[in-house]
Amino acid sequence: MGTVAQLFFDAVSLGGIYAMAALGIALIFGVMNLVNFAHGEYIAFCVFALIVPSTDAVAVMFLGKAPALVLIPALLILGALMAMTSEYVVFRHFRRADPVAMMIASFALGFVIQNGLLAIYGSRPKAISLWPSLNTPIHVAGADVPLLQLIVIIATLLVVSGLALLLKKTRIGLEMRAAAENFTMARMLGVRANVVITGAFALSGALAAAVAMIMVTQTGVADVRMGGSIMLVAFIATVIGGMGSLPGAVAAGFLIGAVSVLLQAFLPLDARPFRDAFLYTLVIVCLLLRPQGLFASPNSKPRV
Amino acid sequence: MAKLGVFDVSVRYGKVPALNDVSLHLNEGERMFISGPNGAGKSSLLRAISGAVATSHGRIEMDGTILTGRPPEAIARQGLSMVPEGREIFGSMTVEENLRVGTGIRRDRSAIESDIAEIYDAFPILGQRRNASAGALSGGQQQMLAIGRALMTNPKLMMVDEPSLGLAPNIVDQVYDTLVALQQERGLTLLIVEQSSARAARVGGRMVLLRGGAIVDQGDAREFAEKDLLKDAYFGGAKTEDA
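From first to last, the protein sequence lines stand for chains E and H. Its first residue numbered 1, the first sequence is counted upward by one per residue in this note's numbering. Its first residue numbered 1, the second sequence is counted upward by one per residue in this note's numbering.
None of these hints come from the bench; they were simulated from the model. Just so you know, even glycine gets a beta-carbon here, dropped at the ideal spot from N, CA and C. It cannot be assumed that every hint is accurate.
Pairwise CB distance ranges, derived in the manner of DEER restraints [what the hints assert, rightly or not]:
1) R106(H) / L81(E): 27 to 37 Å
2) G39(H) / L267(E): 50 to 60 Å
3) P268(E) / G166(H): 26 to 36 Å
4) P247(E) / D220(H): 31 to 41 Å
5) A54(H) / P247(E): 30 to 40 Å
6) P247(E) / I112(H): 48 to 58 Å
With the hints as constraints, model all of the structure from the sequences given.
See the structure below:
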């Protein structure tokens, strides 16, 4: 019983991080057909914003010193501003360009951010301790679960349901959904392209900040390259979920988290180092069977 | 002053010309049909007016304001609304959400609810299915929804691209009856793409014939219908779309 509960908490908390990162990518893909490969760097940027710029191995807290009640909103806003700025400075000029050109621009932006961080903070990973007390295990359903895992699960639920409410109940949410489904049609009904796209970037950046806080608390490391691996998983989750489908991105994020934890637990010991190879083999199988994604949005094509 | 003025407008997709120096004028409250074979540029003309595609030459004006070069959302604010080819309704959203997308540009917030009620009056099936996913509607219902959605922006000029495409004749009748009634009620100006001159003649209005991206003929829809009848008599009713 205890192991099952343990696996469950591991799977849901890992899946939650993936789901939030995937949402950040799916939101932007939905409104402008851009796979924003700089998203991982938004996450790294938010992590480094917590510490004082220096090349020392041990990080001195900067924003991270603030109490949680100030720190959390501040970092969310910072992430949102970062993403909005990159839209204004870079992606806005690629609106009419090929999606491929836009994607390459996002790679370039990612490198710029990464190298900027590298120049300021150096390449050595830094130990960083944000809210260390959250890693103390507590006893739930026969399993020892770090408090952070519970917080991640609750935070994911809050973020996902908050986003769902925003999209379902507000004017900007309605416009974003319409724009995601058919951008030109939405504009012909008066939906302002700039408002919707800036809004999507702001939400995406705030999601990156949320992921950053969770990752840094969990791993205790700030690494300039930390965005790459989470970006990869998040991108795969958006593809498996059906590009641009927000529920799909969330579901696929959780699915990848769950499969990853299960493989880790049940693969023979010798095969465990190759867990990711098994995981990505499943991804390939999945895409061969359903290239449009597992949760592709309902067919919006007209019936004739 | 004309409601809509199109002056020497050309559109090209890459190097392929779709419209060549097209000019037309619509007066307030008027109804005009655009006809022509597939690929004649009918949809390109409507998309150019709505700002969805860029013009390579020429000028488009509405109420004396230049629309050319402005984004679609600005043109919608000017009072132009579009029911596009293939309806393009938002299939993953509910019927009512579809109707609400276009209300963001309105200043008369209080009138929105009564306008939605009015659309449910005109198309009762939409009212019954207001919380259903719009993608699950039949083709005819989607057409009604697309018209209702376009009306919700409170337009002065509405463009409808092939309302009869893929619909049963009795549904087409219903769609046109509603369009004509709405036009009389609201003083709308209508620009409609319609292949059938007989249909256009029955509804009544001016007609413009496009071919190869240029206007080749225009006049009263009834004259077109008579010519087409004549053609049918000579060619034995064979499909002479391009003749």
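- Message: Need the list of violated hint numbers for this structure, in ascending order.
- Response: Violated hints: 3, 4 and 6; rest satisfied.
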